[in-house]
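Visitor: Chains as they are written, first to last, in the working numbering: chain Z, 1 to 492; chain X, 1 to 519; chain P, 1 to 502.
No lab work stands behind these hints: they were computed from the structure. Each residue gets a CB set at the ideal place from its N, CA and C atoms; glycine is no exception. Do not rely on the hints blindly, as some may be mistaken.
[To be verified] One side only, chain Z facing chain P, incomplete, derived with CB under 10 Å:
#, residue
1, GLU66
2, SER372
3, LEU480
[Claimed, not checked] Okay, the calculated beta carbon distance ranges per label pair:
#, chain 1, residue 1, chain 2, residue 2, range
4, P, THR360, X, THR312, 40 to 48 Å
5, Z, ARG414, P, LYS184, 17 to 25 Å
6, P, LYS21, Z, ARG157, 34 to 42 Å
7, X, LEU497, P, LYS300, 54 to 62 Å
8, P, SER65, Z, GLU8, 30 to 38 Å
9, Z, TRP377, P, SER65, 27 to 35 Å
10, P, THR360, Z, GLU364, 30 to 38 Å
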Amino acid sequence: MNAMSLTELLRLTLPEIVVSLVGLLTLTLDLVAVQQRTFATRWKVGALTACTGCAGAILLAVLRPEQASIYGGMLVVTPLTEMVQAALAGFTILAVLLSVDSDFTQNIGEYLAIMLFATAGMMVLVSTRNLLVIFASLELLSLSLYVLTAFNKRSRRSAEAALKYFLFGGMAAAIFLFGISLLYGLSGSIELTGVATALESQPLTPLWVVAMVMIVTGLGFKIAAAPFHLWAPDAYQGAPTPSAAMIASSSKLASFIVLAAVMALGLTASGSAWHGPQAAWVPLLEVVAALSMLAGNLAAIVQSSTRRLLAYSAIGHAGYMLLGVIASSELGLRALLYYVITYGLATLGAFGVLAALEKEGVDEIDGLAGLSQRAPWLSFCMLIFMLSLAGIPPLSGFFGKFFLFSSALRASGRLLWLVILAIGMSAVSLYYYLRVLKQIFVLDATAEEEDVRTPLLMRVTISVTALLVIALGCYPDLLLHWIDTALRAMPH
Amino acid sequence: MNGFPWLSVLTATPFAGAILVLLTGKNRNAARIVTAAASGASLAIVLGLWHGFNAASGALQFQERRPWIPALGVDYHVAIDGLGLLMLLLSAMVVLMSVAASWSNQEHERLYFALVLLLETGLFGTFTALNFIHWFFYWELGLIPAFFLIRLWGGPQRARAATQFFVYTMVGSVGLLLAFLAIFLATGKFDFIDLAQMAQSGQLGPALAQGLHWGPWTGGRIAEWVFWAAFLGFAVKVPIVPFHTWLPSAYAEAPSSTTMLLTGAMSKMGLYGLLRILLPIFPEQMQHALPLLLWLAVASVVWSAFVAWAQTDLKRIFAYSSVNHLGYCVLGVLVAVKWTGGALAGEKAAALDGALLQTFNHALTAAALFWFVAMLERRSGGLRGLNDFGGLRKVAPVFCGLMGIAVFSSLGLPGLNGFPGEFLIFKGAFSLATWATALSVIGLLITAVFLLVILERVFYGPVSERWAGLRDLSTGERLALAPAVALMFVLGFYPQLIVGVVNSTVIQLVSQLGPHVGF
Amino acid sequence: MLAWTIYISFAGAAVLMLTPKASLRAARVIALMTAISGFAVTVAAWVRFTPGEILQVARVPWIPSLGIEYHLAADGISLTLLLLTGIVAIAGVLFSWNVERRTREFFALFLLLIGAVYGVFLSFDVFLFFVFYELAIIPKYFLIAIWGSTGKEYAAMKLALYSFVGSAMVLIGVIAAYVEAGAKTTDLATLARYPFPLHFEMWVFPLVFLGFAILAGMWPFHTWAPTGHAAAPTAASMLLAGVVMKLGAYGCLRVAMMLFPGGMEAWGFHVLGLDSWRGLFAVLALIGIVYGASVALVQKDFKFVIGYSSVSHMGFVLLGLMTLNQIGLDGTVLQMFSHGIIAGLLFAVVGRMVYDRTHTRMLNELGPMHLARVIPFAAAAFVLAGMASIGLPGFSGFVAEFEILIGAWRAYPTLAVLAGAGILVGIAFTWRALDKAFFGDAASSTQAAVTLAPITWAERAGTSVLMAATVAVGLYPRLLLDLILPAFNSPLFDGLRKGLWR
């Protein structure tokens with residue numbers, strides 16, 4: 001716990017500060033300057049500000065490699081955290097671009113501001129090792145997301161989804177907090193390293209197990225893993241599309257990083273009950289992973305709504321990603337990072353396509369019939385996203401799965417059963433992704449429907465996302481290199 | 001050894017003709033002319049081969065041998081000896097006769113003539129090939145066109161007849177295939193000549209015994225089955241009773257010009273197979289099975305004669321008569337196999353000579369007979385029953401005269417070509433298989449009876465009004481038939497013409513059948 | 001240079017998507033040119049190929065941190081199958097000349113599939129192999145789902161899922177092997193040399209083999225095949241039965257057998273008379289031969305007859321793989337080529353020539369149409385194709401099946417005999433289909449024939465291409481045997497040879 005000058009602190013937290021300030025700026029600009037202008041102008045101004053801010057944050061994060069851990073882990077700045085922050089900001093940019101010209105709200109400035117606050121929350125979330133700070137930033141993130149989910153005031157579904165999300169989230173947060181307090185009671189520290197130290201000297205008592213389960217519950221809710229997933233389908237379906245996109249991409253990334261950190265750093269010790277693959281939380285996470293894979297994929301088969309399908313598929317993917325956490329070695333972390341980032345891109349893209357179709361009010365899968373004739377480029381992008389999620393090469397989803405599964409096996413041969421289950425469920429998932437594609441490509445459009453007109457900005461965003469998915473699949477090194485550099489520069 | 005590939009050229013000629021025929025387009029006559037040219041050219045080549053053939057030597061001539069599928073030890077090996085040359089001669093002759101008989105065929109002639117030429121290719125190939133792989137290919141190549149000829153141009157029951165023909169022959173072919181597969185598994189060879197040498201030197205038996213045991217059965221047992229499987233293939237083709245039941249319908253339903261091919265050439269494929277393949281490779285098994293085989297031959301001779309007597313359809317009569325005549329050939333071949341310890345070589349040679357002579361003569365005569373039936377059918381609007389006609393002698397004397405000659409030839413009247421062959425067979429067989437020969441004489445008698453009945457019912461008797469306007473032979477038809485009929489006389493008086501071709505080969509074959517290798 | 005087969009195909013697909021929707025002609029011509037170029041490249045490589053060599057085509061590091069390379073190479077076996085792909089591709093385009101609906105997408109998907117198949121046959125890196133292998137599933141799905149006939153959507157989904165499940169099984173095995181070998185490389189040759197522990201190979205081999213064998217149509221996982229082939233449009237069936245099923249068999253050989261030969265050793269105990277995975281798969285292959293042929297015998301739908309005949313013929317391929325001797329394996333690769341061409345021919349006749357004109361696949365409806373008189377070219381083509389399919393000498397199938405039977409006799413004599421019985425049933429169903437479909441009822445010969453569109457030049461060209469291929473190889477098998485035989489002597493197959501080679 002070194003004393004530190006304020007400027008030093010400010011410098012280290014510059015990305016988060018920038019994002020927060022820009023959030024305020026967007027809000028102000030919208031309220032003060034452009035309130036009377038047209039809808040389109042307000043959106044453009046707001047989006048421009050927000051994106052610039054995020055871009056600035058990315059640059060700050062990436063171009064100034066820092067290495068610091070202050071206040072005993074309350075803030076940890078490493079190349080890895082900076083990398084993740086950059087990714088989070090990138091997702092936010094994409095989500096913002098997707099929301100431009102949406103008509104579900106008049107409060108543009110507020111919407112974008114809350115998005116940015118959520119981003120700030122996530123950025124802090126991934127760069128801390130202190131349980132209370134984790135909780136605080138988690139709450140910032142969650143509250144922002146609840147609001148973002150409810151933003152469509154004209155839709156009952158939106159309100160219902162937000163309420164469910166909030167209630168669940170509140171419960172989960174409470175449980176998480178309880179778990180933190182138990183950990184504090186058991187270890188005398190609210191820092192992950194402190195907890196780890198305490199573990200070294202203590203046996204595995206039921207109280208530790210209870211604490212662990214509570215932590216996992218709290219975080220499991222965030223990543224939408226079964227059996228903590230019941231909020232997800234409604235949230236994905238009811239929330240306005242950009243919000244859903246954000247929940248699916250950046251929130252997932254942040255939550256997984258936190259989970260990995262807590263598990264690997266906090267609940268790990270050289271004592272036999274906690275170390276590596278035999279750590280006590282591993283069986284717990286294995287069960288959660290298996291349940292997620294099963295519940296997510298099997299439920300997705302019977303969905304008739306595209307968004308709910310994406311929600312359940314998210315649950316399934318959470319199951320796969322848990323493998324990366326369970327592997328808990330550097331290998332696992334690399335694979336997890338790659339997977340979550342590329343998964344985020346693909347889901348974001350899918351939601352983007354759905355946003356483009358929002359004018360039509362399309363949510364049912366059947367409503368996508370004949371899309372390939374009405375909007376060929378959009379359909380092609382959807383093809384890319386769906387196939388990447390299914391794990392078809394040469395897209396990034398495939399490589400992500402390969403990397404993840406082989407890393408899991410390398411970390412521990414015991415995980416074979418889980419890998420087999422994962423690959424099996426992957427095979428099942430092709431069915432429902434193909435169903436969507438079948439509607440789009442195989443069936444013919446009904447005669448009266450006209451071609452879909454997509455705004456240019458949205459087109460560009462979706463295309464860029466699709467391009468990234470393809471590029472990262474064909475040249476995974478593009479991303480892997482970045483991840484490797486970040487990891488290598490770290491002390492552990 | 002590999003001189004000018006005459007035999008390959010010969011085999012390729014009708015094939016090239018078939019392709020040309022298919023390409024001739026709508027011109028109605030082009031197909032016929034091309035066919036005539038192709039079969040004529042084939043005959044010319046065969047005659048040329050005959051000219052260059054050294055009749056004094058019993059060895060293989062015009063040999064071509066090239067490696068083909070080294071992985072399986074298969075060579076492209078063709079050659080002919082006297083036996084092969086005889087078969088080539090009769091094939092070319094019969095095909096030409098068949099083409100002449102179907103000259104005025106109207107329906108889809110391109111396809112028809114192409115199929116005929118393909119069949120000729122199969123015939124030439126079968127009679128020259130000495131390695132099982134391509135021999136079998138040509139064997140099957142003969143089957144497919146015949147099937148379609150029956151199926152597409154035949155009579156009212158053609159579907160069933162063609163099916164039966166196909167199924168029986170296919171089963172026989174499969175038997176052959178399996179037999180040779182087994183032989184290959186045991187010896188690694190497909191070449192007929194190589195296998196014959198192995199058999200002669202006594203190596204084949206042990207090789208089969210060693211290589212073929214499977215489960216509880218010994219190699220020797222399986223070798224016997226192999227023999228029977230191969231025998232089946234040929235027995236169906238000749239045919240030998242009781243594998244002949246496909247024949248009457250097939251011969252009856254096929255258009256008569258096709259029946260000429262079936263009886264004149266395709267049945268000879270079976271006989272050829274017996275002599276070229278079965279005899280040299282499986283002498284022991286044949287000797288072992290000889291009593292049974294002789295009974296089958298006798299049954300072929302006698303049973304079919306009786307059945308022929310009971311028929312009323314001219315084509316069926318001649319069909320069963322074919323079985324009868326070929327039964328004599330089979331008898332002649334079988335007695336040559338009999339183990340005599342080196343004695344009676346002359347009788348054996350006579351029997352074989354007679355069998356081969358009879359083969360040629362039967363080809364000529366039977367083809368001619370069906371040709372006449374074809375002409376009769378055309379004039380009568382499809383009728384060919386024994387009792388449908390009467391007194392044609394008065395209405396169409398030339399026709400009856402020429403047909404009469406053919407009938408007498410089939411009967412075996414001395415002076416015509418049917419006599420020398422049968423005489424030689426009986427002469428040779430009498431010493432070697434007395435009882436069988438004696439019983440076969442019955443066949444001769446019955447044949448005489450039903451053939452004379454034909455003459456009586458069809459040619460003699462009162463003229464029914466229906467046939468009063470029957471056309472006699474046209475000039476073209478007379479010219480076409482003349483060579484065939486003339487040949488009947490020539491061979492009747494000078495059978496040496498044909499016997500000379502085969503004699504050396506026969507003698508060599510008999511001497512090679514020598515030592516009885518115990519098994 | 002051979003890599004251009006892949007690139008040209010993909011480029012062709014991309015170019016096709018850019019051609020104007022209305023110009024059908026342009027789409028067809030581009031597709032044909034692409035297919036011909038791909039084949040030309042293969043032939044050029046063939047001409048310069050030295051038997052027994054492993055021709056390195058491309059080798060670049062791709063994902064170095066995982067040891068994955070973009071490694072393309074060809075040995076004699078790959079080259080044989082590349083030739084097959086080229087020929088079937090050309091014929092497929094020709095037989096699809098009449099596709100009117102969404103033409104350019106059809107050909108684009110077709111070329112995409114071809115490119116992926118070329119990729120599989122050229123891959124010498126297991127990861128790359130898998131990438132191309134899975135890549136092929138999606139075009140297959142769409143080709144059937146969009147342009148197929150009766151029951152297309154169900155058939156397409158079934159096919160996609162079966163293929164995906166099969167490849168999932170393979171993925172498990174591949175990842176396991178990759179990790180077991182130290183996760184340093186996915187190079188085929190290196191992994192083939194790696195001494196995996198026996199107990200490891202004992203479970204990975206059947207898993208990977210089965211995964212591939214599903215796509216190869218091994219009984220009892222074959223049910224996707226008849227449904228899929230029957231519902232698919234002609235060019236797709238030709239590719240599916242002709243080439244894609246061979247992908248599975250190729251995977252069995254190149255990955256399962258080459259990398260994990262120990263998995264075929266005896267278990268040490270007996271179950272139902274079987275003593276190893278090898279024995280089990282040989283028996284399953286045989287059941288496929290006999291079952292496929294028997295079921296084909298009673299089918300009412302013409303295309304299903306051919307579909308089941310494909311299952312039967314692939315049974316031969318799988319049986320040949322399990323013989324583990326030189327002659328059996330030679331025959332297997334040759335049979336892969338031969339059946340590819342012959343299946344292409346059969347589906348072309350049944351799909352393009354008959355179904356596209358008569359719009360029925362049912363045998364009892366086709367009979368009265370007297371197709372032999374109306375489209376005699378089709379009848380003749382089917383006769384020839386049928387003869388080839390039965391395995392008559394003069395066509396490519398004969399030497400192939402012969403070699404497999406001989407190889408099988410040396411390894412599993414009883415199965416060889418039963419396989420021979422399967423050939424007999426094969427003759428029966430081929431002849432039955434021919435008779436019922438083309439020659440109809442003899443009694444109603446006076447019935448007026450239906451009028452059908454004449455056979456187009458494209459169909460004649462396609463038939464000639466396929467016919468020429470099967471006859472050429474049938475008359476001169478050394479064309480391909482000279483490629484295949486030496487390939488098995490290369491160091492790649494050392495593990496296989498050391499083990500159970502007879």
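Visitor: Taking the hints in turn, state whether each one holds.
Guide: Status of each hint after checking the structure:
Because the smallest distance between the Cβ of GLU66/Z and any Cβ of chain P comes to about 25 Å, over 10 Å, the interface hint for this residue is violated. Using the Cβ-Cβ criterion of 10 Å, the hint placing SER372/Z at the interface with chain P is satisfied: the shortest such distance is roughly 8 Å. Hint status for LEU480/Z: holds, given a least beta-carbon distance of 6 Å to chain P, under 10 Å. For THR360/P and THR312/X, the Cβ-Cβ distance of about 44 Å falls inside the hinted range of 40 to 48 Å, so the restraint holds.
The hinted window of 17 to 25 Å between ARG414/Z and LYS184/P holds, with their beta carbons roughly 22 Å apart. A beta carbon spacing of about 39 Å between LYS21/P and ARG157/Z agrees with the range 34 to 42 Å that was offered as a hint. LEU497/X and LYS300/P have their C-beta atoms about 59 Å apart, which keeps the hinted 54 to 62 Å range intact. Between SER65/P and GLU8/Z the beta carbons are some 35 Å apart, a value that agrees with the proposed interval 30 to 38 Å.
TRP377/Z and SER65/P have their C-beta atoms about 34 Å apart, which keeps the hinted 27 to 35 Å range intact. Between THR360/P and GLU364/Z the CB atoms are about 36 Å apart, so this pair conforms to the stated range of 30 to 38 Å.
In terms of the numbered hints stated before, the structure departs from hint 1 and from no other.
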